[in-house]
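Q: One letter stands for each residue in the lines below.
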Amino acid sequence: MDALPRRSRNIRVGLTLLAGAVLLAGTLWGQDDHFPFGPFRMYAGSNPPDDPAPDTRIEGVDATGAVVGLGEQSTGIRRAEIEGQQGRYEADPTLLRRVADAYAQRHPDAPPIVEVRIVIRWHGVTDGRPTGNAVDETVVRWQAAP
Amino acid sequence: MNTSRRIGAAVSGWLTEPVPRGRVAAFRTLVYLFVAADLLVFTPWIRDKASIPGELYQPLFVGRLLPLPTPTPPLVNLIFWALLLLALAAATGRAPRALGWAVFALYFEWMVIAMSYGKVDHDRFAFLVALAVLPTVGRARHGDRTESEAAGWALRVTQIAVVCTYFLAAWAKLRFGGLEWMTGSVLARAIIRRGTELADLIAQVPYLLIAAQFGIIAFELLSPLVFVVSPRWRQAVVGFFYSFHLVTIATITISFAPHLVAMTSFLPLERLRPVERLRRLVRRGVQRGDGDHRAGAHLHGQDAEPLPTEPPAAPSPAAP
Chain A
1 MDALPRRSRN IRVGLTLLAG AVLLAGTLWG QDDHFPFGPF RMYAGSNPPD DPAPDTRIEG
61 VDATGAVVGL GEQSTGIRRA EIEGQQGRYE ADPTLLRRVA DAYAQRHPDA PPIVEVRIVI
121 RWHGVTDGRP TGNAVDETVV RWQAAP
Chain G
1 MNTSRRIGAA VSGWLTEPVP RGRVAAFRTL VYLFVAADLL VFTPWIRDKA SIPGELYQPL
61 FVGRLLPLPT PTPPLVNLIF WALLLLALAA ATGRAPRALG WAVFALYFEW MVIAMSYGKV
121 DHDRFAFLVA LAVLPTVGRA RHGDRTESEA AGWALRVTQI AVVCTYFLAA WAKLRFGGLE
181 WMTGSVLARA IIRRGTELAD LIAQVPYLLI AAQFGIIAFE LLSPLVFVVS PRWRQAVVGF
241 FYSFHLVTIA TITISFAPHL VAMTSFLPLE RLRPVERLRR LVRRGVQRGD GDHRAGAHLH
301 GQDAEPLPTE PPAAPSPAAP
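Respectively, the protein sequence lines represent chains A and G.
Sequential numbering of the first sequence, starting at 1, is according to our numbering.
Sequential numbering of the second sequence, starting at 1, is according to our numbering.
The following block holds chain A by itself, in its conformation from the complex (with noise of 0.2 Å):
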């Protein structure tokens, strides 16, 4: 068998009671920021079970007026990646323009963007059950200057 020597060893233990502390007040007093040590916090909010679900979206409107998706096919930015800057969305609505330059990126050929608008559609739920009712709420909007 190959042992380790003690210092090698007390090395290795050590790191590993320290990795675990920081990996321990990630979980008690950190934030996403923090990865990878942040808390694991995948669904980890709680709502009532009577408390509508929201389902975002983005899309816009191009030259000819036609709604255009603009999810992750479109522009490489994730749904949730969409959700996560939705406050620096709406404190200044021009930011949308970028999610248009990201599909003028990789649809070069498309008619532009004229309007990005970032929709959520409110689902129902009783009981902790979807209800099948929805309605949609559109949160911010960026028009491009006529």
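Calculated directly from the structure, the hints in this document are not laboratory data.
It should be emphasised that the depicted structure is a prediction, and the values quoted were computed from it without experimental measurement.
Please note that a few of the clues may not be correct.
Residues from chain G shown here face chain A by an in silico Cβ test under 8 Å; the list is partial [stated by the list, open to error]:
| id | residue |
| --- | --- |
| 1 | V120 |
| 2 | D144 |
| 3 | R145 |
| 4 | W153 |
| 5 | V163 |
| 6 | C164 |
| 7 | W181 |
| 8 | G184 |
One-sided excerpt, in silico: chain A residues whose CB lies under 7 Å from chain G [what the hints assert, rightly or not]:
| id | residue |
| --- | --- |
| 9 | P5 |
| 10 | A53 |
| 11 | R98 |
| 12 | V114 |
| 13 | T131 |
Beta carbons: idealized from backbone N, C-alpha and C, even for Gly.
Dock chain G against chain A, hints included.
A: Showing chain G alone in chain A's frame:
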């Protein structure tokens, strides 16, 4: 004093409980092959960050601390290709330290890019730990049965990271969601946002989703028990972990792929030997073709390991 020293020795003995070097060799190949697969198949969207305006880059704490540069198309492409080539080279087991550290550094930067646009994923803590500790093992040949404490530590801390991902996720649910998490509508939300047809069916059953929420918290809080059960039960518990992810894939399309790879650190991987098996099959085929019916005599030659007869998940006395 004596007691605390004894506890210290027990902890350090447990953390470095020796495993066959061949197990780390197999784990290493799997992990580095997954890095390549992750780049190409599992998270190809990270490469798309090349075409996203820098204004949308909101670097994580570590990205601001170091400070890592704002991604540009040349930078993203450079990391992509360097990581792909180095990971494939590392999968051969050659230059385990140099290649291992390089892959860890590049993959870490790749993750900082991925998580710096408004969404942080939580499916790869254990995988990052595996990448960080694999280089410390040094050389390990496939099929080598020599027990090694360095190999044991690398696998043990990866296992701990896997279990932390569960246990601390329950903790985070209680921190952010509170006890109401269990009676809330989190699963209904997940199904509305990304559910499959199977999930839509399940969602129709009254109170099933709420029961599932209780089940998830219980499973996550109890997950550390995997370390105290007997080796035979340990494989069953790991099988249960995998089945949990099978259900989440089938219902809300969340794969946790890197975590699943890290979790193979619980399995006696050294018994797999896929290349050896293939070689043997080919050799057997060739010898049949030559009309040599005494092929078996050659098969137990010097570099031919005895074929593993049990399936990989079978309990092993050498299991960690």
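Q: Determine for every hint whether it applies to the structure shown.
A: Cross-check of the supplied hints:
Evaluation of the V120 (chain G) hint against chain A yields a held restraint, the C-beta minimum of about 4 Å falling below 8 Å. Taken as an interface hint, D144 (chain G) does not check out: its beta carbon lies about 10 Å from the nearest beta carbon of chain A, beyond 8 Å. About 11 Å separates the beta-carbon of R145 (chain G) from the nearest beta-carbon of chain A, more than 8 Å, and the hint is not met. This hint holds: W153 (chain G) has a C-beta 5 Å from the nearest C-beta of chain A, less than the 8 Å allowed.
Against a cut-off of 8 Å between C-beta atoms, the interface hint on V163 (chain G) is violated, since the closest Cβ of chain A lies about 11 Å away. Of the supplied interface hints, the one on C164 (chain G) holds, with its beta-carbon coming within about 6 Å of a beta-carbon of chain A, less than 8 Å. Here the hint on W181 (chain G) is kept, as its CB sits about 4 Å from the closest CB of chain A, short of 8 Å. Because the smallest distance between the Cβ of G184 (chain G) and any Cβ of chain A comes to about 5 Å, under 8 Å, the interface hint for this residue holds.
This hint is violated: P5 (chain A) has a C-beta 10 Å from the nearest C-beta of chain G, more than the 7 Å allowed. Hint on A53 (chain A) holds. Least Cβ distance to chain G is approximately 4 Å, under the 7 Å limit. This hint holds: R98 (chain A) has a C-beta 4 Å from the nearest C-beta of chain G, less than the 7 Å allowed. Checking V114 (chain A) against chain G: minimum C-beta separation of about 18 Å lies over 7 Å; hint violated.
With a cut of 7 Å, the hint placing T131 (chain A) at the interface with chain G is violated, because the nearest CB-to-CB distance is about 10 Å.
When held up to the earlier numbered hints, the structure conflicts with 2, 3, 5, 9, 12, 13 and fits the remainder.
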